[in-house]
Amino acid sequence: MSPHAALPLWLQVLVAVLVLLGAGLALLGSLGLLRLRTFFERVHAPSIIATMGCWCIVHATVLYFSFTDGQLALHAILIAVFVAITVPVSTIFLMRAALFRARQTGKRVPRSLSAPPGSRKKSA
Amino acid sequence: MTPVLQWALPVALVMLALAMGCALIRVLIGPSAQDRVLALDCMALNGMLLMLVLGLHYGSKNYFEAALLLALLSFVGTMAMAKFLLRGEVIE
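If you're matching them up, the sequences are chains L and R in order. The numbering of the first sequence is this note's numbering, which starts it at 1 and goes up by one. The numbering of the second sequence is this note's numbering, which starts it at 125 and goes up by one.
Just chain L, with the same shape it has in the complex:
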């Protein structure tokens, strides 16, 4: 009836532990996104999904399909590598945008270090 009834028990337990760990970490990161107070605290919460949660579920996928196909199925690693490259880039861009907007509205945030010295002196 089910596609994974014929798998050995140790593989089922291993895949189940990895998938539940990844899903629990995803829930943890999203809860942190929901209940932390400021944006600069909230921006750290989803990174646990992109690192540990994503790698756990990807390894569960690789294990499962390697055993059902009888050969090494590494295609899911591609997703984890792609996420590991792209998520820091988009997070840094979002943080820079948030800093820029906080400076525009006059919040107390650190000054920009990349501005040329003349403009910094003029603005100070």
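Among the clues, some could well be false.
[Said to hold, decoys possible] Using C-beta positions, here's what the derived DEER-type ranges look like:
#1 R/S184 to L/Q104: 23 to 31 Å
#2 L/G70 to R/Y182: 17 to 25 Å
#3 R/P134 to L/S66: 39 to 47 Å
#4 L/L9 to R/F208: 23 to 31 Å
#5 R/V138 to L/K107: 34 to 42 Å
#6 L/R37 to R/P134: 20 to 28 Å
#7 R/Y182 to L/V109: 28 to 36 Å
Simulated from the structure, these hints should not be mistaken for lab results. Keep in mind the model is a prediction, meaning the values are calculated, not measured. Backbone N, C-alpha and C fix where the C-beta goes; we use that ideal spot for every residue, glycine too.
Position chain R relative to chain L; hints supplied.
Using the frame of chain L, we list chain R on its own:
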């Protein structure tokens, strides 16, 4: 044989759906625009993991392409929105 995966995978699906619900609440109540963009990025990441777990649940490899596409499009969308928040335009 005990059906471990038949119980674990729906539980993981429910947990990922709850995570997507938390991110959706942050999209709706987020006080600033960058909060909403961050929550949308988080929601796309959760949806990608949901696609991978669905592929495990049905024993099908076809969900892998959907997950890869979701990761790619969420990166492009988040970059475009962050660029818009930073500069006021997407392409200079």
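Hint by hint, work out which the structure violates, then give me just those numbers in ascending order. Hints 1, 3, 4, 6 and 7 are the ones this structure does not satisfy, whereas the remaining hints hold.
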